[in-house]
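Peer 1: First to last, the sequence lines map onto chains A and B.
Be aware that the first sequence starts at 0, since it is given in numbering that gives the first Met the number 0, and climbs by one per residue.
Be aware that the second sequence starts at 0, since it is given in numbering that gives the first Met the number 0, and climbs by one per residue.
The hints are simulated quantities; they were obtained by calculation from the structure and are not laboratory data.
On a predicted model such as this, the values are computed, not experimentally measured, just so you know.
Watch out, some of these pointers could steer you wrong.
As the list claims (entries may be wrong) - Simulated restraints, written as ranges between beta carbons of each label pair:
no. : chain 1 : residue 1 : chain 2 : residue 2 : range
1   : B       : His308    : A       : Glu31     : 21 to 29 Å
2   : A       : Arg165    : B       : Gly152    : 52 to 60 Å
3   : A       : Gln109    : B       : Gly312    : 42 to 50 Å
4   : B       : Gln271    : A       : Leu161    : 31 to 39 Å
5   : B       : Gly312    : A       : Arg136    : 33 to 41 Å
6   : B       : Gly361    : A       : Glu47     : 24 to 32 Å
C-beta atoms are modelled at their ideal positions from N, C-alpha and C, and glycine is treated no differently.
Below, each chain spelled out in residue letters.
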Amino acid sequence: MSIRGRVWKYGDNVDTDAIIPARYLNTSSEKELAAHCMEDIDPSFAREVKAGDIIVAGRNFGCGSSREHAPVAIKASGVACVIAETFARIFFRNAINIGLPILECPEAVQATEAGQTLEVDLAKGIIRNLDTGQEFRAVPYPDFMLAIIDAGGLIEYTRRKLQQARS
Amino acid sequence: MATEAATLAEQIISHAAGKRVYPGDLVIVPVDRCMTHDSLTPEVIDALHQDLGVEHIFDPSRVVVVMDHVAPASSVATANAQVKVRQWVAQEGIEHFYQVGKGICHQVMIEEGLVQPGQIALGTDSHATAYGAVCAFGTGVGTRDMALTLATGRTWFRVPETICIQVKGRFPELVSAKDLSLHLCGLLGMDGATYKAIEFHGLDWLPLDERITLCSMTTELGAKAGLIPPSEKEAPPWLGVHPGASYERTITVDLTNLVPLIAVPHQVDQVQPVAEVEGVPVDQVFLGTCTNGRLSDLRAAARLLKGKHIAKGVRMLVIPASHRVLKQAAADGTLSILLEAGATIGTPGCGPCIGRHMGVLGAGEVCLSTGNRNFRGRMGSPEARIYLGSPETAAATALTGHITDPRKI
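Bound conformation, chain A alone:
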């Protein structure tokens, strides 16, 4: 799984209310959630984000609520991957569960600017900054988490497991 995209850069503690404010939780329409993604901290994001773009952020990305709408909004906006110094724990689980690739790599975050292009090899956890030529290695996933990401999320992963058990 290789990803190549333009960087949207944010700071520390991007919370779930910043990613998708609770006032929009009445909907579970992915398109509508994407239309309000990052609205309160970056109104240009939802307008200008393109499929394959990458969010790069500081520490504790996704802190706050347990709402799965947060990674869903990001994924539906077209973002292919989020790279952060660290993730909040519920967001981490939710992102893996819905099949939004996320990587922890403080070095890459510190050496990346908004608008640069990154290439990411998810399976190997390698991040390459195509503007500077620098290469970084993210914290690797445990095998079973990689299998969930490969399957496109926890539900699909479990369905396959259930099918295997039946056959």
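We have chain A; now place chain B onto it with these hints.
Peer 2: Positioned in the frame of chain A, the structure of chain B alone reads:
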């Protein structure tokens, strides 16, 4: 099971896993309780039925459903979502179903004894860490994790490291558990305990109400669970503090030095003494939430408000954490004092804490809330500003109309 010294989190997960586990281990464990509320249950149902193709849940007796987030419904959309929840509850035969006005999910879980020492409980709500007040391993999950657990009765965990908070002394006058929580937020930061458990020692004397405040707020440090050791008579024999357990770090806090604290916009770890923020005019004071909506919180505010009236131009919303709290506050006179002082009372539930009804803020407005998050846009307009403080600070601020140290009232 755990034959060597273990932290509370390690003991509970080891017991559930049937083997001694260590921080960093990935384990699959049975879950004793699953709590879900009106806000996220509709998506849990969709994940179960549409995505997973599971017709029925694993064990309805382990499931608790509470209508608290937008209850009573504020719009046709939320009302329709709640119809869907009630139909599903009836179809599945879920007995632990609590209607509009029963209270905030975490308060109901503890009040009704639905979560017990040594149990593992998941909630589709980040403040499920509150269950650590009765020494249960409570943690928040998203809808798909909940759907999978409802389908299988199990979930996976990475066993967390534990940070020990060793508390000494007692709170000074007009300082309470919320001030200790805010102190820890300021000290550790919003990710100071990410992926970890927090264990509080030295609080044997602390009443349950305030234990819930402390444990619910550990999620604001990023913690997976916040646990207070149980009394011997409540706990299963295998659960208790082990001398020699291995903590990632131990932080000692002397309560006698604590002062009233406040988190300023827009982060929970932007903490200052209330005395240094005094004078900021407020439009709304909100006393409530799973953090500070219990009887002792209402009484603490009433002590300061008794015989007085809140400032002109300020509105004070009091939303009891549960129906039981509301009844008790009515019976012991607390409610009358709050009403005489000019406060108004809302249906027990989450109130405006998540900005969806019953006190949403407009652009430019300032709110002093006893809740747990002051993120931009949390309670409504992204142009509003939220300060977080104790019930004592909330009452003092309502009286003057600007942020006020309760020790000056």
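Peer 1: None of the hints should be skipped; say for each whether it holds.
Peer 2: Okay, the hints, checked on the actual structure:
no.: 1; hint: His308(B) - Glu31(A): 21 to 29 Å; result: violated (44 Å)
no.: 2; hint: Arg165(A) - Gly152(B): 52 to 60 Å; result: violated (19 Å)
no.: 3; hint: Gln109(A) - Gly312(B): 42 to 50 Å; result: holds (47 Å)
no.: 4; hint: Gln271(B) - Leu161(A): 31 to 39 Å; result: violated (53 Å)
no.: 5; hint: Gly312(B) - Arg136(A): 33 to 41 Å; result: violated (57 Å)
no.: 6; hint: Gly361(B) - Glu47(A): 24 to 32 Å; result: holds (28 Å)
Checked against the numbered hints given earlier, the structure breaks hints 1, 2, 4 and 5 and satisfies all the rest.
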